[in-house]
Amino acid sequence: MTEEKKPEERKKRRTATEAAGRVGSMTKAMLANVPQAKGEGRPIAYSFICCCYDEIIRAMDITPHWVENYAGICGAKRDAQRFLERAEAENLSRSLCTYALCGLGFDAWREELGGEMPPDAPWGGQVKPDVMLGSGQMLCDPRNKWFQAAQHYMPDVPTYDLNLPWPPYEEDYDYREVQDDYVKYMVAQLRGLVEFLERHTNRKMDWDRLSELVDLTDRTWNLVHEAYELRRAVPTPMGTGDAMNTMVPLSFMMGTQQGYDFFKELYDELQQKIARKEGVIPDEKYRLLWGGGLPSWFALTDFNYFNSKGAVFPAETTYRMVEALYNFDIDFARITDPLEHIAWRWLKFWTCRYDKTRQRPGSHPDVERLIDYIEDYQIDGVVMHEAFSCRSWHVGLIWQLNLLKKIYRDIPSLVLESDIIDISSYNEADTRARIDAFIDTLEAVKSRAG
Amino acid sequence: MSASDNDSSGYRPAVIGVDIGSSFSKAVVLSGGTIISWAILPSVGSYRAVADEVINQALARAGVAAEDIAGVSATGYGAASVASASQSSSDLSCQGRGIAYLFPSARTVVDIGAQFTRAFRLDGAGHVVAFVLSEKCAGGSGRLLAIIARVLQIDLDEMDRLARESKKKVDFTTSCAVFTESEVVSRIAEGESREDIAAGVYRALAAKAQSLVERLKFAPDCALAGGGAKNTSLVKSIEEGVGVDVLVPDEPQLVAALGAALMAEDKVAVGKSRS
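First to last, the sequence lines map onto chains A and B.
Sequential numbering of the first sequence, starting at 1, is according to the numbering used here.
Sequential numbering of the second sequence, starting at 1, is according to the numbering used here.
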C-alpha cells in the first residue's frame with residue numbers, strides 16, 4: 001500500500017532558540033577547518049567525545065576530527081547508508097555501532113581511492129588523520145576497537161587507547177576509599193597520552209596553555225549547567241531538539257573560547273525568553289524528559305512532532321555531560337597539575353550522585369539522575385530511545401525505567417525504537433503512532449490527577 | 001458484537017468509526033450507543049479507496065445514507081486517508097474506549113495486531129494509562145501467524161484447528177519472524193507434525209504477549225483485541241501464559257473502529273449540548 005506515500009522529503013527542523021539555529025554553520029566551519037589544518041601541516045587526531053583530552057590536544061595545537069560527529073552528520077543528511085553498506089562489504093557486522101560502521105566504511109572507501117574523498121562526501125568528508133585517540137573507558141565499547149579496526153585501512157596511523165575508569169557504585173561502600181587510586185591511574189593514562197602525542201606529532205605540550213584551557217573548560221561546564229538550568233522555567237524556553245544542536249559546542253568545542261561564548265549567548269537568550277514568557281511552543285501541555293538514548297539523527301523532526309502535540313522536553317540526560325563544578329566536594333583550586341585536575345573533574349562527574357543514591361535503598365545513580373530531572377523540571381513523562389546499534393545504552397534503558405517506576409513512581413513512559421544513523425531501522429508512521437498513543441496516555445494520567 | 005436495529009424511541013443520529021489498519025480496514029456504524037452494522041475489508045490497493053469502500057459497505061448494511069451520518073471518526077495507520085473523517089484519534093485510545101464499552105471490568109488489554117503486539121492498562125473510564133509494545137519485528141505480531149500458515153500451506157482457521165490437536169510440545173528458539181520461518185521449515189524436515197508446529201508457534205507468540213503483560217504489571221480483568229484474538233489456540237496459549245481467563249470480543253478486529261465510533265458519538269453529543 002504505497003501509492004499514497006509521498007516521496008521522502010527532508011523537512012527542516014524548527015529550533016526554538018537562535019543559538020541552536022547557528023550550530024549548523026558552526027559545525028560546517030569546524031569540519032572545514034580539518035582539511036585546512038591538514039593542508040597547513042598541523043596534525044589531525046581522530047577523536048571521540050567525553051574522553052577528557054579536549055584541552056590536551058588543543059594545548060598542543062592538534063586539530064580534532066570528531067568521528068562520531070561526522071557519522072551523525074551523514075545520518076542527519078540521510079547519506080549514511082552507502083558508508084554502512086561499504087563497511088558491510090568489508091565483512092563488518094551490521095549489528096556493530098553504526099557510527100563506527102559509517103566511519104570505517106568511509107575510511108575504507110577513501111583509502112581505496114588513494115586518499116581522495118568518496119564522491120559527494122557530506123560536508124567535505126573526513127581526512128586521513130595523523131593519530132587516532134581511542135578510549136577504553138566504560139562509556140561505550142566500540143571506542144577501543146573502532147580505531148584498531150581503522151588501522152586495517154590506515155596501518156601507518158598510530159592509535160592511543162586511553163583508559164579512564166571511575167569507581168563503580170556500591171550501596172555498602174564509600175567510593176572515596178579508592179578515589180585517590182583511580183585518579184593516580186587516570187593521571188598516568190593522561191600523561192601517557194601527552195607523551196604519545198609529543199612522540200608522534202613532534203609537538204611539545206605547552207603546560208601553561210593547558211592550565212588556561214582547563215580553567216576555560218571549568219568555566220564552560222558551569223556556564224552550560226546554568227544555561228540548562230534555565231530550562232526549568234514554565235514554559236520552557238528550550239527543548240531537547242535544540243539540545244541535540246547545542247551538543248555540538250558542548251561536546252566538540254570544549255576547551256575553546258568559541259564554545260564558551262556560544263553558551264554565554266545561549267544563556268543570555270534563554271534569560272530573555274523567560275522574561276518574555278516565550279516557550280518552545282505557545283501552549284505547553286506536557287513536559288517530558290528525554291531519559292536516555294542517542295537520537296535518530298535523521299528524524300530530529302520528531303521533536304517538532306512532539307511539539308505539535310503540546311509536548312516539550314525541558315531536560316535530557318543525553319549529552320548533558322557536565323555538572324556545576326562548584327557543587328562537587330572538592331576544592332579544585334588546590335590542584336596545581338592540570339592532568340590531575342582533569343582526572344578529578346571526570347571522577348567527580350560520575351560519582352556526584354553516589355551519596356544521594358545511597359539514601360534511597362535499591363536505587364542507582366543513573367535513576368537518581370532521572371528523578372532529579374523529573375522533580376527539578378516538573379516532568380510529566382519519560383521518553384527513551386533504544387538505538388539498536390548502540391548496545392551500551394540499549395542494554396540499560398528498560399532496566400532504568402523499571403527501577404524508576406519501582407523505587408519512585410509509575411510515571412508514563414515511551415520507548416522509541418530505531419537507530420542513530422541507520423535509516424532502514426526507522427518507520428515514521430509507526431514512530432508517530434507511538435507518540436500519539438503516548439500523548440493520549442499523558443492526557444489520561446493528567447485528567448485522573450485532576 | 002452483533003448488529004441491532006436503530007432505537008425507535010427517538011432520533012439517534014448515526015456515526016461511523018473507521019480503523020484503517022495495515023492489513024485490514026474496519027468500519028462500525030453506531031447509533032445511540034448501539035452497533036447497527038460493521039464491515040471488514042483487506043487493506044489492499046490504496047488506503048483512500050479501501051476507506052471509502054469499507055464505509056460504504058458498513059452504511060449499506062445499516063441502511064443509512066452517507067448524508068445522514070452525523071460524524072466520522074478515523075483511526076489506524078491510514079487514518080489520514082479517510083477523507084470524510086471529522087476527527088481522528090490514536091488507535092490505542094480507540095482500542096481502550098472500545099474495550100471499556102465491551103468489557104467495563106477490563107484493566108489489562110493485549111492487542112495482537114498485524115504490525116505488533118501491545119499491552120495496555122485502562123482506568124475505570126477506559127483511558128489508557130500505560131502501554132508497552134513489542135519490538136518492531138513481525139515475530140512479535142499477528143503477521144507471524146500468516147507467515148507460518150503460508151509455510152504450512154494452510155489458512156489461519158486450519159492452523160488454529162490443527163493446533164488444538166497437538167500431542168507433542170515443539171518449541172521455537174527465536175523471536176525473529178524470519179528465523180522462526182526457517183525453523184519451521186527445519187522442523188517439517190525433521191518430521192514434526194503440522195499440529196505440533198502450529199501449537200509451538202502460538203506458544204511463542206503468547207510468550208511475547210506474556211512478557212509485555214509482565215512489563216506492564218498485570219491487573220485483572222484481562223481482555224484481548226486485534227485480529228490475533230480471533231484465533232482460539234492463541235487465546236488459550238495466552239490464558240495459560242498469563243494464568244487467567246481472558247475476555248475476548250466476538251469480533252476483536254473491530255475494537256478500535258468501535259472506539260472511534262464511540263468518540264464520534266461523544267463529539268456529536270457535545271455539539272448538541274452546546275447548541
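Note that these hints are calculated values from the structure, not bench results.
There could be a bad hint or two in this list.
[Said to hold, decoys possible] Label pairs and their in silico Cβ distance ranges:
| hint | chain 1 | residue 1 | chain 2 | residue 2 | range |
| --- | --- | --- | --- | --- | --- |
| 1 | A | V395 | B | S193 | 51 to 57 Å |
| 2 | B | G32 | A | I398 | 40 to 46 Å |
| 3 | B | T232 | A | D174 | 57 to 63 Å |
[Said to hold, decoys possible] Sample of chain B residues lacking proximity to chain A, with all beta carbon distances greater than 10 Å (derived):
| hint | residue |
| --- | --- |
| 4 | S89 |
| 5 | Q153 |
| 6 | R161 |
| 7 | R215 |
[Stated by the list, open to error] Quick list of in silico lysine-lysine cross-link-like pairs, DSS-like style, CA-CA up to 27 Å:
| hint | chain 1 | residue 1 | chain 2 | residue 2 |
| --- | --- | --- | --- | --- |
| 8 | B | K167 | B | K236 |
| 9 | A | K309 | A | K204 |
| 10 | A | K77 | A | K406 |
| 11 | A | K204 | A | K264 |
| 12 | A | K356 | A | K309 |
| 13 | A | K285 | A | K405 |
| 14 | B | K167 | A | K446 |
| 15 | A | K128 | A | K184 |
| 16 | B | K236 | A | K405 |
| 17 | B | K169 | B | K236 |
| 18 | B | K267 | A | K309 |
| 19 | B | K169 | A | K446 |
| 20 | A | K38 | A | K184 |
| 21 | A | K145 | A | K309 |
| 22 | A | K285 | B | K267 |
| 23 | B | K267 | A | K406 |
| 24 | A | K184 | A | K204 |
| 25 | A | K77 | A | K184 |
Don't be surprised by glycine CBs; every beta carbon is placed ideally from N, CA and C.
A quick look at each hint next to the structure:
1. A:V395 <-> B:S193: 51 to 57 Å: violated, 39 Å
2. B:G32 <-> A:I398: 40 to 46 Å: Given about 44 Å between the Cβ atoms, the range holds.
3. B:T232 <-> A:D174: 57 to 63 Å: holds, 59 Å
4. S89: violated, 7 Å
5. Q153: holds, 26 Å
6. R161: Non-interface label on R161 (chain B) holds, nearest chain A Cβ at 30 Å vs cutoff 10 Å.
7. R215: violated, 8 Å
8. B:K167 <-> B:K236: holds, 15 Å
9. A:K309 <-> A:K204: violated, 55 Å
10. A:K77 <-> A:K406: violated, 40 Å
11. A:K204 <-> A:K264: violated, 32 Å
12. A:K356 <-> A:K309: violated, 35 Å
13. A:K285 <-> A:K405: holds, 22 Å
14. B:K167 <-> A:K446: violated, 50 Å
15. A:K128 <-> A:K184: Distance of about 33 Å is beyond 27 Å: violated.
16. B:K236 <-> A:K405: violated, 31 Å
17. B:K169 <-> B:K236: holds, 15 Å
18. B:K267 <-> A:K309: holds, 20 Å
19. B:K169 <-> A:K446: violated, 46 Å
20. A:K38 <-> A:K184: Judged against 27 Å, a Cα distance of about 35 Å means the pair is violated.
21. A:K145 <-> A:K309: violated, 42 Å
22. A:K285 <-> B:K267: holds, 22 Å
23. B:K267 <-> A:K406: Outside the cut-off at roughly 38 Å; violated.
24. A:K184 <-> A:K204: holds, 23 Å
25. A:K77 <-> A:K184: violated, 43 Å
When held up to the earlier numbered hints, the structure conflicts with 1, 4, 7, 9, 10, 11, 12, 14, 15, 16, 19, 20, 21, 23 and 25 and fits the remainder.
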